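Taken in order, these protein sequences are the chains called A and B. For the first sequence, the working numbering gives the first residue as 129, with consecutive numbering after it. For the second sequence, the working numbering gives the first residue as 129, with consecutive numbering after it.
If you are wondering where the hints come from, they were derived from the structure by calculation, not from laboratory data. Keep in mind that this is a model prediction, so the values were computed, not measured. Keep in mind that the hints are not guaranteed to be accurate.
[As the list claims (entries may be wrong)] If you want the footprint, here are the derived chain B segments under chain A, 3+ residues with CB under 8 Å: (1) 149 to 156; (2) 189 to 196; (3) 361 to 369; (4) 422 to 435; (5) 498 to 507.
Ideal Cβ positions, reconstructed from N, Cα and C, are used throughout, including at glycine.
Number of protein chains: 2
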Amino acid sequence: MPPLRIGMLGLGTVGAGTWRVLTRNQRDIVARSGRPMEIVAVAVRDLERARRIVGGAVALTTDPFDLVNRADIDVVVEVMGGTTLARELVLQAIANGKHVVTANKALLAEHGAEIFAAAEARGVIVAYEAAVAVSIPIIKALREGLVANRIAWVAGIVNGTSNFILTEMGSKGIGYANALKDAQDQGFAEADPRFDVEGTDAAHKLCLLAANAFGTQVPFAEVHTEGITELEAVDLACAEALGYRIKLLGVARRHDHSVEVRVHPALLRSDHLLAGVDGSMNAVMVHGDASGTTLYYGAGAGSEQTASAVIADLVDVARSAACDPSERVPHRAFQSHAMADLPLRPMADTTSAWYLRIICSATPTAERALLRTLARFGLQARIYGRYAQPDHSAHHVVLTQPVAYAALRRALVSLEQLPAVQGKVRAVRVETLE
Amino acid sequence: MPPLRIGMLGLGTVGAGTWRVLTRNQRDIVARSGRPMEIVAVAVRDLERARRIVGGAVALTTDPFDLVNRADIDVVVEVMGGTTLARELVLQAIANGKHVVTANKALLAEHGAEIFAAAEARGVIVAYEAAVAVSIPIIKALREGLVANRIAWVAGIVNGTSNFILTEMGSKGIGYANALKDAQDQGFAEADPRFDVEGTDAAHKLCLLAANAFGTQVPFAEVHTEGITELEAVDLACAEALGYRIKLLGVARRHDHSVEVRVHPALLRSDHLLAGVDGSMNAVMVHGDASGTTLYYGAGAGSEQTASAVIADLVDVARSAACDPSERVPHRAFQSHAMADLPLRPMADTTSAWYLRIICSATPTAERALLRTLARFGLQARIYGRYAQPDHSAHHVVLTQPVAYAALRRALVSLEQLPAVQGKVRAVRVETLE
Numbered sequence: 129m130p131p132l133r134i135g136m137l138g139l140g141t142v143g144a145g146t147w148r149v150l151t152r153n154q155r156d157i158v159a160r161s162g163r164p165m166e167i168v169a170v171a172v173r174d175l176e177r178a179r180r181i182v183g184g185a186v187a188l189t190t191d192p193f194d195l196v197n198r199a200d201i202d203v204v205v206e207v208m209g210g211t212t213l214a215r216e217l218v219l220q221a222i223a224n225g226k227h228v229v230t231a232n233k234a235l236l237a238e239h240g241a242e243i244f245a246a247a248e249a250r251g252v253i254v255a256y257e258a259a260v261a262v263s264i265p266i267i268k269a270l271r272e273g274l275v276a277n278r279i280a281w282v283a284g285i286v287n288g289t290s291n292f293i294l295t296e297m298g299s300k301g302i303g304y305a306n307a308l309k310d311a312q313d314q315g316f317a318e319a320d321p322r323f324d325v326e327g328t329d330a331a332h333k334l335c336l337l338a339a340n341a342f343g344t345q346v347p348f349a350e351v352h353t354e355g356i357t358e359l360e361a362v363d364l365a366c367a368e369a370l371g372y373r374i375k376l377l378g379v380a381r382r383h384d385h386s387v388e389v390r391v392h393p394a395l396l397r398s399d400h401l402l403a404g405v406d407g408s409m410n411a412v413m414v415h416g417d418a419s420g421t422t423l424y425y426g427a428g429a430g431s432e433q434t435a436s437a438v439i440a441d442l443v444d445v446a447r448s449a450a451c452d453p454s455e456r457v458p459h460r461a462f463q464s465h466a467m468a469d470l471p472l473r474p475m476a477d478t479t480s481a482w483y484l485r486i487i488c489s490a491t492p493t494a495e496r497a498l499l500r501t502l503a504r505f506g507l508q509a510r511i512y513g514r515y516a517q518p519d520h521s522a523h524h525v526v527l528t529q530p531v532a533y534a535a536l537r538r539a540l541v542s543l544e545q546l547p548a549v550q551g552k553v554r555a556v557r558v559e560t561l562e
Numbered sequence: 129m130p131p132l133r134i135g136m137l138g139l140g141t142v143g144a145g146t147w148r149v150l151t152r153n154q155r156d157i158v159a160r161s162g163r164p165m166e167i168v169a170v171a172v173r174d175l176e177r178a179r180r181i182v183g184g185a186v187a188l189t190t191d192p193f194d195l196v197n198r199a200d201i202d203v204v205v206e207v208m209g210g211t212t213l214a215r216e217l218v219l220q221a222i223a224n225g226k227h228v229v230t231a232n233k234a235l236l237a238e239h240g241a242e243i244f245a246a247a248e249a250r251g252v253i254v255a256y257e258a259a260v261a262v263s264i265p266i267i268k269a270l271r272e273g274l275v276a277n278r279i280a281w282v283a284g285i286v287n288g289t290s291n292f293i294l295t296e297m298g299s300k301g302i303g304y305a306n307a308l309k310d311a312q313d314q315g316f317a318e319a320d321p322r323f324d325v326e327g328t329d330a331a332h333k334l335c336l337l338a339a340n341a342f343g344t345q346v347p348f349a350e351v352h353t354e355g356i357t358e359l360e361a362v363d364l365a366c367a368e369a370l371g372y373r374i375k376l377l378g379v380a381r382r383h384d385h386s387v388e389v390r391v392h393p394a395l396l397r398s399d400h401l402l403a404g405v406d407g408s409m410n411a412v413m414v415h416g417d418a419s420g421t422t423l424y425y426g427a428g429a430g431s432e433q434t435a436s437a438v439i440a441d442l443v444d445v446a447r448s449a450a451c452d453p454s455e456r457v458p459h460r461a462f463q464s465h466a467m468a469d470l471p472l473r474p475m476a477d478t479t480s481a482w483y484l485r486i487i488c489s490a491t492p493t494a495e496r497a498l499l500r501t502l503a504r505f506g507l508q509a510r511i512y513g514r515y516a517q518p519d520h521s522a523h524h525v526v527l528t529q530p531v532a533y534a535a536l537r538r539a540l541v542s543l544e545q546l547p548a549v550q551g552k553v554r555a556v557r558v559e560t561l562e
C-alpha cells in the first residue's frame, strides 16, 4: 500500500513527540496497520529548530497555509493549538479534501459543529482522540466500544494540571498557591494557568465527551464551569477526615429532554476508583445501560502520550480513507442527521449533595440556627466535624442530602446572614458516580 | 443501507442479553451505526423457551449446522460456548463466507490460530471483544487505540469469580470454601467452579491479550496457571496488615526474544489501582512505550454487559464488511504475515518479589536460620510480621526482593527442611506493575 502522506501544523511538544514515536516505532506500526506513514511536510515558526528535529528529508515551511494547500499530503495533523488560525487552517485543509487529525479540544468544543459539517460535506475525516485525556482511547470507547448502550452519564478527571495541584494540596497539606507553584516548577502547569485551574480546559473536553455519549450538540459557552482556585487546604483535610477526596470533575448526564454538563470540584468517597486517580493522571467513567460502569485511566498530558493518540487516529484514517463515508465512524458517535440539539439543563435544577464548611460560633444555639436555616430550604444536613479556631469559633463541616442547586444557593445566602456565621460559606458538591 | 442479518448460536445468558439490548436500544444503535441489525435465526436446544424470548418473527432451529448454512445471514454470533462443536460451527460459518462474532475465549485461546487463518483465507472477520473482560473494550484499545505503541506488558484482573471470592475473603475474613459458597449462592460462581478458580479462564483471556499486545502466537497449553484455591484467610489478613491486597492476576510481559505469560495470585500495594478492583469487576492495565500506563475497568461478566461487546463487534462488522480486507483491523492486532512466534519464557527464569508465610518457632535462632537459608539462594528478605500460634510457633511473614522463580523454589525446599519450620511454606508473588 502507498504510504499515508502527512503534513503537520506545529512541531512543539506534541508534534515532536509524534515525529519521535512514528520514527521509533515505525516497524511495529506498519506491522499493525499494514500501511507506512510518512511525514512529508511540517509548518513551523522556527525552521532551524525544526530541521534539527526532523532532519533533511521533510519539507519545512513557515507558512501554514502553504502546508494545507500542498497536493502531496493526504492528512493534516493540527498540533499548533489556538482557535482562530487553527480554525481557518483546518477548514482550508478540509476544503482541499484532506483528512484532519487534531489534538485541539478548544477548537472542537468551540467550532466543532462547523468543522464536522464541513468535513462531512467534503467526505473527509476529522479525528480527535488526542483532544480528550490524550493517551486514553476514550473517544474510541464511547463511539465504538460502547455503541450498543444508551449512556446515562459520563464523568471524569480530565485536567491533569488541576489534579496534580489537588493531589499536592492533599498529600502535603499545602495551600493552592504553593501547590500551583510546585506544579509550575515541575512542568505540570503553565506560567498562566487560568485555562487549566479555572476549569475551561476540562469543560472543552467534557463537551466532546458529552456530544459523543449522548449524540447532541453541547454549547460550550453555556457549560457551568468552576475551577479549583478557591479551595483551601482545610477543605481537603476536612474531606479526608470524613473519608472523601476532592477532585476537579467533569460530569455530563442525560435527562429525558436535556443534558446536564458541569465542571467543578467535588468530593468523592476515598474508596471510589476516581478518588485514587492522582497527580497529572486522567480517568473517565461511563455508565451505559447494558455495559454498566466502565472506567478508562491514563496520562492526561505529555508529548509521547499525546502522540500515541494522534498516531492511532492516523491509522484509523489510513484504514477508513478508502471506505464509503457512510461506513466510517461518525464524528460525534451518531450519524449527523440523528444528532439532537438538546438544551442544557439549567444549573438551578441540577441536584447534588453538598459539603459545606461554615465558620461559626461553636455554641449549641449557633449550631441549631445553622441546621434550622438549612432545613428551611429543604436541606437535610448533619454537622460531621468541628475544627476549632483560636477565636472560639470553629469550622463546621456539614454534609447535606441531595438538593437542587437553586435551593442550596438560597440557603447559602441565609446562612451567611446569620450573626454567628463569619464570612463566606465554602460549598463543594458531593458526587457518588455509581 | 440493508440490515445486517444475524444468525445466533445459543440463546443462553449472553444470547438472550444480546437480543434484549438490540431490541431495546435499536433506535440508538441505528442512529450510531447507520445500519439496522436483524436477528434472522437462532439455533437453540429448547425451542419453546426460545420462542418466549424472541417472539414469532425469528426462525428457530435445533440444528446449529442448519443455522450456519443459511444463505440469508451475514454474520454468525457464537454464544453457545465449548470448544468442540463451537469450533466446527465457526469453521463451517467461515467456510460459508459468514463473519463471526464470538464471546468464546476458550475457543480462541485454544483454536485461534486455525480459526483466524481460515477467516483470513476466506476474507471474513472473526470479532471477539466479548471474550475478554466483556463490557470493557480492551481488545479495541489494544488493537486500535494503542496501535502506536510498543507494548511492554499487559496485566489485569480478568476473572470475576475469583475476584469476587478474594474480595469476600478479604472483607469478611472468611476462608476460601465459605467465600466460594457465597459466590455460588449469589450467582458469581458455577456449581463446578474449577475453570474459574484454578485460573484457566483467566489464562484463556490473557492469551488473547498477549497475542494482541505483542503480535505473537501464545500457546495456551504452556501458560503457567495457578488459581486461588490454596489461599487462606490468614494470607489476605497478613497482606492487608503489610499494606497489600491479594488478587488473581494475569501478567504478560514482552522480552527481547520471548514472552512471559502467567496467571497466579499476587500481592499488590493497597493504593495500586488494581487493588481497588473489587467483587466481580475486571480491569486490565497496559504499558506502552508512548502511552505510558493506561487502565480499563468494567464488568467481567453478565448478560447485557457481554451483549454490549457483542453488539459493538456487530457494528464493527457492519462497517468493515464492505471494506477491502487489507483495510480491516487485523484479528490479532498485527498483520498476519507480521505475527511472530516467540517462545514462552520458562517460568524458572521469570523474576518476582515474593511474600512467604512460614510457620516456624518464634525464636531468634529459628528466625536466623530462616533468613540464612533464604540468603543462601540469593534471596534478600526481611521478616515483616509474626503472628503467634497457640503452640509457641508463629506465622512468619517474609517479603523478598525480586528473584528468579528457580531460586525461590530451591529456597522453599530448603526452608521446609529446617527443623523449626512446620508444614509447607505459602509463597505468593508480589507485583508492582508500574
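Hint by hint, here is what the structure shows:
| no. | hint | verdict |
| --- | --- | --- |
| 1 | 149 to 156 | holds (count 5) |
| 2 | 189 to 196 | violated (count 0) |
| 3 | 361 to 369 | violated (count 0) |
| 4 | 422 to 435 | holds (count 10) |
| 5 | 498 to 507 | violated (count 0) |
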